[in-house]
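Asks: Keeping the supplied structure of chain R fixed, place chain L upon it in accordance with the hints.
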Amino acid sequence: MKISTILIFVLFTLTSKAQIVTTTPKNYIGLGIGYRFDNLNDQNFSPLNQKGGGLFYSLFYEKRGDNILKLSIDYSNGTLASGADDAFESTYYAANIGVSYFKNLSPSEANTKFYIGGTYNLDIYYTDWSDQDAFSYITANGLSIAGAINKQLNDKQFIESSISFPFLQFLSRPPYNGINEFIIENQDSPAKIIFDGDLTSLHKFQSFTWDINYNLEVSNHINWRLYYALNVKKVAELNEFKSVSNRVSTSMSYKF
Amino acid sequence: MNSKVSQTVFQQVCLTNFNMKKITAILALIILSSCSKTIIGLDESNSKRNNFEILWNDFDEHYSLFTVRNINWDHLYDTYQPQVNENQSDKELWNIFSSLIEHLDDSHTVLYDGNRNSYRSGYELNEQSINEFSKELISTKYIEKTTEVTSEDDLLYAKIQDKNIGYIYLGTMDGANPSAIDKIVDELETYDAIILDIRQNTGGDDRYSARIAQSFSDGKHLIYTVETRNGPNHHDFDTKTEYFTQFNENKTYTKPVIVLTDRKTISAGEIFLLHMKAFVNVTQIGDTTAGDFSTVSNMRFLPNGWHYQYSIQKFLLPNDKSLDGIGHIPNVYVKNTKADIEARNDTVIDAAIDYLFSEYGVK
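Line by line, the protein sequences give chains R and L.
Residue numbering for the first sequence follows my numbering, beginning at 1 and increasing consecutively.
Residue numbering for the second sequence follows my numbering, beginning at 257 and increasing consecutively.
Derived by calculation from the structure, the hints in this document are not laboratory data.
Check each hint, because a few of them may be wrong.
With a cut-off of at most 30 angstroms between alpha-carbon atoms, the simulated DSSO-like pairs for lysine-lysine come out as follows [said to hold, decoys possible]: (1) 293/L <-> 204/R; (2) 242/R <-> 347/L; (3) 51/R <-> 293/L; (4) 419/L <-> 533/L; (5) 347/L <-> 51/R; (6) 293/L <-> 234/R; (7) 439/L <-> 507/L; (8) 293/L <-> 192/R; (9) 51/R <-> 304/L; (10) 192/R <-> 476/L; (11) 507/L <-> 204/R; (12) 70/R <-> 192/R; (13) 242/R <-> 533/L; (14) 476/L <-> 507/L; (15) 496/L <-> 192/R; (16) 156/R <-> 70/R.
Bound-form chain R, shown alone (with noise of 0.2 angstroms):
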């Protein structure tokens, strides 16, 4: 706890400073869709590993100055296979709401800049098989440490790389059956079911999530981007949960 007080206090400090903008910030409003590929093991699900994809969609707002502010909603739903001859296939829905910021190292006309930050996530999966004869969940909410790296490879076009490890989250699973007496009681309020979380200890959930993006200006107003982004997540109790996703995108955005 003492190392999530301190990490709150440096990006609160990073936060405050930030005020001071050296540069004309411009903002990007974008809407994005892309499909991402997922590889999971839920055993409060199923003891098989599944694999699938489907598509996501993106609406995101980014202010770039000095610092980087960047807010999104991301959805997507899709299918996911398991078993011999892929017998079971169960469907997904997964939403992310984020909010990041990243304050700048870097001299300002430095053409490699170098940012530290921080995150707030709210990451929800649902999957169902068979109108919810087997259903599972995880929701994860919470705090994380960001970093990025923004190389400008001319007027029009950068490159920008991020990873984001969680430090305080709380996250939100099955019990140990999948069914209990509080879900039983609450299967009406599914808001109630997937917010029932705990404050989890960086021992039993871990994650990571790296993205890279390639940004060409089109013209001065419209920003094209193509985006990759690999998410790991591992939750270790008796249930365990482990997933690999990769995601690929692209967007388009208005500068103003």
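Replies: Only chain L this time, still in chain R's reference frame:
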């Protein structure tokens, strides 16, 4: 446009294409080299032995009624595991799995092959009772002024022919509006008694059962507790949750109520009976119920495409006794035979009418 500008644009496009190629290659490499298997682990083997191991271990770590039903699960492993080999047919493996789960005598435990075949543990008597009940016979011989409640899944009410007795049939504990029962009870209140028929009731939502029973409630009584298995040992359960009958003092039915049951009255149907039998004016007539109270697990999956469900909870009476594997034993035992139904007689309804006359003078 002069040639200098054209050249600059051309150079920029080339640079863009070059960068694009590099980026695409990098992305492809990243995707290809994502070592999912390292993190996720290898797929489960689809060997017959491994399917058996997964099934047996999953029950061992999650099934809730080993102690209540006095099952020696380790002994069953020793009996059945040696019978599994890689040369046997799927049908032979299916028979081994079916024989294994039959020992649980728990019709909440079901094995499915994914091709519309299933095996339900301890289901022989339940299945037999299907031929010992006929809704058509009841409709044509025993009741009149029938109203079907369309908002609910299988609910109707009527009057017993030539008697001052109301009749309700409730075939499942599911529907959009369980409070519809209040209106039914209001309408049947003019009669001297109600026969509430829950034979062949397939269960459903325990909360639905509680709400239906509320219309007949005479008070708030502790009726049962529930514990859900929450660990790998057979004795691992969460803390007890207590359940009480619901009561609305402005709406209570105090006249005699006869609840009709059979072997296929199961699960939430039996929970309903836990509520009803707490009230002084209620009598159970018919056959003993199925004796399967627990909530059913999520579907569980095997590598070969078979899947299954089982009980995950332990329901106990306030005295810590369990009715799992026993069922509700009726106050008056009477049971139709297939021959009774073929002869157009429902001896259970007949017994209920006789009982109401002999005990309460209801004609």
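Asks: Tell me, in ascending order, the numbers of any earlier hints that this structure violates.
Replies: Per hint list: 2, 8, 11 and 13 violated.
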